[in-house]
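Asker: Can you make the complete structure from the sequences, with help from the hints?
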Amino acid sequence: KSILLTGDIETVAQADLTDLRADVLKVPHQGGATSDPNWLKSVGAGLAVISVGPNQFGHPVDWVIETLEQSGADVVRTDEAGDVVIPLS
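Just so we're aligned, residue 1 is where the sequence shown starts under the numbering used here, counting upward by one.
Quick caveat, the hints were computed from the structure, so don't treat them as lab data. Do not rely on the hints blindly, as some may be mistaken.
[Stated by the list, open to error] Okay, derived cross-link-like pairs now, BS3-like style, lysine-lysine, Cα gap no bigger than 27 Å in a straight line:
id, residue 1, residue 2
1, K41, K26
2, K26, K1
3, K1, K41
[As the list claims (entries may be wrong)] For each label pair, taking beta carbons as the anchor points, the in silico distance ranges come out as:
id, residue 1, residue 2, range
4, Q56, A81, 19 to 25 Å
5, A15, E80, 16 to 22 Å
6, G82, D16, 17 to 23 Å
7, T78, S2, 27 to 33 Å
8, R21, S89, 18 to 24 Å
9, V12, D83, 26 to 32 Å
10, T11, Q70, 17 to 23 Å
11, D19, G82, 30 to 36 Å
12, A15, D83, 28 to 34 Å
13, G82, G58, 32 to 38 Å
14, V12, A81, 28 to 34 Å
15, D83, V61, 18 to 24 Å
16, T18, D79, 27 to 33 Å
17, D74, A13, 21 to 27 Å
For every residue, glycine included, the Cβ atom is placed at its ideal position computed from N, Cα and C.
Answerer: Put into structure tokens, the structure is as follows:
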């Protein structure tokens with residue numbers, strides 16, 4: 001399995017990271033509105049993990065979740081599911 005750990009990359013960095021594909025995507029910037037929806041789709045992840053807790057910024061934003069789900073990803077949020085464990089074998 002491949003996992004793409006994105007940290008807080010935004011659209012500028014995403015534009016430099018084309019042709020990346022991964023089975024699992026750690027969604028950038030707590031699912032905030034700083035991503036390119038086309039880039040999120042292009043990763044082609046079957047699982048998208050949003051690492052987020054209580055915040056005043058509205059993270060994750062609805063359109064990020066919807067974009068990931070429409071691209072075929074199962075979306076898991078740590079504020080709802082707690083710890084996420086991804087077996088690598």
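Asker: At the C-beta level, are V12 and D83 separated by a distance inside 26 to 32 Å?
Answerer: 31 Å, holds
Asker: In this structure, is the beta-carbon distance linking D19 and G82 contained in 30 to 36 Å?
Answerer: 33 Å, holds
Asker: Between R21 and S89, is the Cβ distance one that fits in 18 to 24 Å?
Answerer: Once the Cβ atoms are compared, 20 Å apart, the range 18 to 24 Å for S89 and R21 holds.
Asker: At the C-beta level, are T11 and Q70 separated by a distance inside 17 to 23 Å?
Answerer: 19 Å, holds
Asker: Does the Cβ-Cβ separation between D83 and V61 fall within 18 to 24 Å?
Answerer: The hinted range 18 to 24 Å holds for D83 and V61, with Cβ atoms some 23 Å apart.
Asker: Does 27 to 33 Å hold as the CB distance between T18 and D79, or does it fail?
Answerer: 30 Å, holds
Asker: Confirm or reject the claim that A15 and D83 have a C-beta distance inside 28 to 34 Å.
Answerer: 32 Å, holds
Asker: Need the status of pair K1, K41: alpha-carbon distance at most 27 Å?
Answerer: 18 Å, holds
Asker: Between the beta carbons of V12 and A81, is the distance compatible with 28 to 34 Å?
Answerer: At roughly 30 Å between Cβ atoms, A81 and V12 fall inside 28 to 34 Å, so the hint holds.
Asker: Take the C-beta atom of G82 and the C-beta atom of G58, compute their distance, and say whether it sits inside 32 to 38 Å.
Answerer: At roughly 21 Å between Cβ atoms, G58 and G82 fall outside 32 to 38 Å, so the hint is violated.
Asker: Would you mind confirming whether the straight-line C-alpha gap from K26 to K1 stays at or under 27 Å?
Answerer: Status holds; Cα separation ~13 Å.
Asker: Is 16 to 22 Å right for how far apart the beta carbons of A15 and E80 are?
Answerer: 30 Å, violated
Hint violations for this structure: numbers 5, 6, 7, 13, all remaining hints satisfied.
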